[in-house]
Amino acid sequence: MNDPVDVLIIGAGASGAAVAWSLAETKMHILCLEQGGWMNPAEYPSTGRDWEAKFYGDWSTSPNVRGRPEDYPINDDNSPIKVVNFNAVGGSTVMYTAHWPRLHPSDFRVKTLDGVADDWPIDYDALTPFFEENDRMMGVSGLSGDPLSPLTHPPMPPQPLGLSGPLIGKAMNKLGWHWWPSDTTVATMDYEGRARCINLGHCTPACAQGAKASTDITYWPHAMRAGVEIKTHCRVREILTNEHGMASGVVYYDKDGVEQFQPAEVVIIACNGVGTPRLLLNSVSGRFPNGLANSSGLVGKNLMFHPYAQIYGFVKEPTDSNRAPPTCLWSKEFYDTDLSRGFVRGYGIQFGRGAGPVFEAVASEQKGVLPWGPDHHRVFRRLNGHRLAVSAICEDLPEEHNRVTLDPVLKDSHGIPAPKIDYTISENSRKMMEHGLARGREILEAAGATDICTNSPIPWGGWHLLGTARMGTDPARSVVNEWGRSHDVKNLFIVDGSVFVTSGGVNPTSTIQAIALYIADQMKQRLANLFD
Amino acid sequence: MTDTLTKVQRDDLRTIAAMIIPESAEYKVPGADDRAIQADIVATLGRDTEPVRAALDHLAHLAGRPLAELDPAQREKVATEFRATGGVAAATLVRVILQCYYRDDRVLRSLGHELRAPFPKGHTLEQGDWSLLDPVKARGGDLRRA
Chain L
1 MNDPVDVLII GAGASGAAVA WSLAETKMHI LCLEQGGWMN PAEYPSTGRD WEAKFYGDWS
61 TSPNVRGRPE DYPINDDNSP IKVVNFNAVG GSTVMYTAHW PRLHPSDFRV KTLDGVADDW
121 PIDYDALTPF FEENDRMMGV SGLSGDPLSP LTHPPMPPQP LGLSGPLIGK AMNKLGWHWW
181 PSDTTVATMD YEGRARCINL GHCTPACAQG AKASTDITYW PHAMRAGVEI KTHCRVREIL
241 TNEHGMASGV VYYDKDGVEQ FQPAEVVIIA CNGVGTPRLL LNSVSGRFPN GLANSSGLVG
301 KNLMFHPYAQ IYGFVKEPTD SNRAPPTCLW SKEFYDTDLS RGFVRGYGIQ FGRGAGPVFE
361 AVASEQKGVL PWGPDHHRVF RRLNGHRLAV SAICEDLPEE HNRVTLDPVL KDSHGIPAPK
421 IDYTISENSR KMMEHGLARG REILEAAGAT DICTNSPIPW GGWHLLGTAR MGTDPARSVV
481 NEWGRSHDVK NLFIVDGSVF VTSGGVNPTS TIQAIALYIA DQMKQRLANL FD
Chain B
1 MTDTLTKVQR DDLRTIAAMI IPESAEYKVP GADDRAIQAD IVATLGRDTE PVRAALDHLA
61 HLAGRPLAEL DPAQREKVAT EFRATGGVAA ATLVRVILQC YYRDDRVLRS LGHELRAPFP
121 KGHTLEQGDW SLLDPVKARG GDLRRA
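Residue numbers (my numbering), protein chains in the order written: chain L, 1 to 532; chain B, 1 to 146.
Just so you know, these hints were derived from the structure itself, not from any lab. Where hints are given, some of them may not hold.
Computed cross-link-like contacts, DSS-like style, restricted to lysine-lysine with a CA-CA straight-line distance of at most 25 Å [unchecked claim]:
(1) B:Lys137 to L:Lys174
(2) L:Lys316 to B:Lys28
(3) L:Lys170 to B:Lys28
Quick caveat: nothing in here was measured; it's all calculated off a predicted structure.
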C-alpha cells in the first residue's frame, strides 16, 4: 500500500492544476493522479508537414477516434453532439482554442432573472478575485473595456486583428452590432517563461511554441516546485469509503497496469463533466449503492454541452486561414434574454479566421461546395484562404434527461466501465441555434461572403462538459455544496465543470478554473474544521 | 505497400482519385492519380486502411468491373452513387485522397503555400485597423444587472 497523503487530486487538467497550485501553500502532502502523461511539444502536429492530416487521427479531438492508450472510450451514439477532450497532464487545455470569456454576473441568477433552471449558490463577485488570479497564472491577452462583458485586466495586449478581423469588424459595424477582441490564453508577448505567439495556426491541437496556456506549462511547474507530487499514467478506478462514510482513498492502475490503493485524508475530483460522474458512478458500495455522493440521484444528470450553431462562407478578400490563432473576436450582442426572439437566455458568438488547405478541401467537398472533376481546381482556389466563420455558443439549460451513465458493455483498457451519454437538444436551444444561424448569415452577407454553409450543431463540438455534479445548498437538489464539498462525503470535493448549475453562453474554462481556485480558497479557510 | 491494398483496389483508387482531382495544365498541378501522391496515400493509410478498403470494395461492387474500364458516363454514374451510398467509408476514402493531395509540394507551391511545417518559423500577422473598434466603444452598453 502507498503511504497516505493529505490531499489526493484526481486529474491534472484545467481545474486539477489550479486547485493543486492553490493548496500547495498549505504545505500538506498533495498527490495528483493523472491517467495521461506529460506531452512533448516537439511531437505536436505543427512541427510536421503532415500537421493537418494528424487532426483526423492521432490528434483528433475525439477520444474515440484518437484512441490513445491514455484515452477512455465514450458511448455517445445517443447524442447529436459528440464528446471531445484530451487526457494528459494539462488535460483538455492541451487541446483547446484558448478562447477565454468568463460567465457573466447574470449567468449566476438565471432563475431570478428569467424564471428558468436554478440560481447558483455563489455569485460572480465571489469569483472575481479568482478570475483575476487565474488570468495572471494562465497568462491572458485581450483588450480591457468591453462594454458588454465583465471587466477584465489582461496582462498582455490582444491578438492582432490580422486579415480576418477587419472583415468581421466592418460587417459588424455595418449591422451596428457589438464585437470585441477576445480575451485568449495565447501569449502575445513573452510571458512567465512562455514565448510569444508566432502564429503557427491551429491552436486547438496543442501549441509547439508554448504560447498557448495549457496547465502543464502554467500551473503545474509552479505547483511542483511548491511540493505537489504528480503521478502520470495512473487511472483511478474507484473511490473507496470507510466505516464512517468518509473517502479513504482510491484504487488505481499504475503505469504498469498494477492495481494500487492510495489512501488519502481528502479526495478532490477534477475529471471533467463526463469523467467525474463516471468515477462517482463506478464507486459503488453497500453504503453508496447508487454511486458515491449520489443521494440526490443527480450524479451524471443535467449534462450541458453548449450546442454550437456554426455558419461560414467565403469572401473575395484573403483571410488569415491557417496563419493565425483560429479565434480572435467575440460578440455579446445576443447574450442576454430577449423574449421577442422566441427563446429564453442567449448565446455568445465567436468568429473563426479560416482554415488550412486540407481542412478546407475535406470540409468543402463534404458540403458539396467543392466539386469533383475539372472545375475542382478553380473552385478550390476561390475557397482556400477565404473562409470566415461565425459560431453561436448557445446556453444549454440543465435537463435531467441529458445525462452521463455507465455503459453496460463498453469498458476502457483497464476494464473500467465507460461513460454513456444520452443527450437531446432542447426546443429552446434549437430556437436559439436557428436565431444564431440567421444572425450569422446576416454577418457573413454583410462581409460579402458567398457559398454559405452550416454545421448546426457542430457534431464534434462537445468540448464543454458541465453540470453533472451540480453545486447547491439543498442536498436533495445538488451533489456538492456552495464550496465544492460533497453533501454526502465530507472529505470529498469536486472542482471541475461538473459543478456548474447553468452553462452561460461562453467557453467555460476560465470560469472552471476560477471556481477551482475559489474552492481551494474555501478549503484553506476551513482547514481546522473542513469536515464539520 | 503492395500488401495494404490489392491490385484491383489500387487501380480503382487511382481511377477515382483522378475523377475527384484531375491533372490541370492551367494550374500546373498533377491529378490525384499522380504516382507520388498515390504512393503517399497507400503508405500513410494507417488507421484508415479498413474503411478505405471497404470503400474500394463498395466501389468495385457498384462498378461491376474495374472502374477504368467503364466509359465516362458510366463512371460518373457509379461515382455519384458511391458518394451517395458509401457512408463513412466513402467519406474516409475521399478525405484520404484530399489530405495527401493537398500536402504535395507541387500542389502547395501552386497554391502559394510555403513548403514547410508551421513550426518553428510561424507566420506574421498584421495588426489590422483598430479604429474599426471606435463605433463599438462609442456605442457602449451595460452588462445585464444580476
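Status of the hints after comparison with the structure:
This hinted pair checks out: Lys137 of chain B and Lys174 of chain L have alpha carbons roughly 15 Å apart, not beyond 25 Å. At most 25 Å may separate the alpha-carbon atoms for a hinted pair to count; Lys316 of chain L and Lys28 of chain B meet this at roughly 23 Å. Annotation: proposed proximity of Lys170 of chain L to Lys28 of chain B is violated, straight-line Cα distance about 36 Å (limit 25 Å).
Checked against the numbered hints above, the structure breaks only hint 3 and satisfies the rest.
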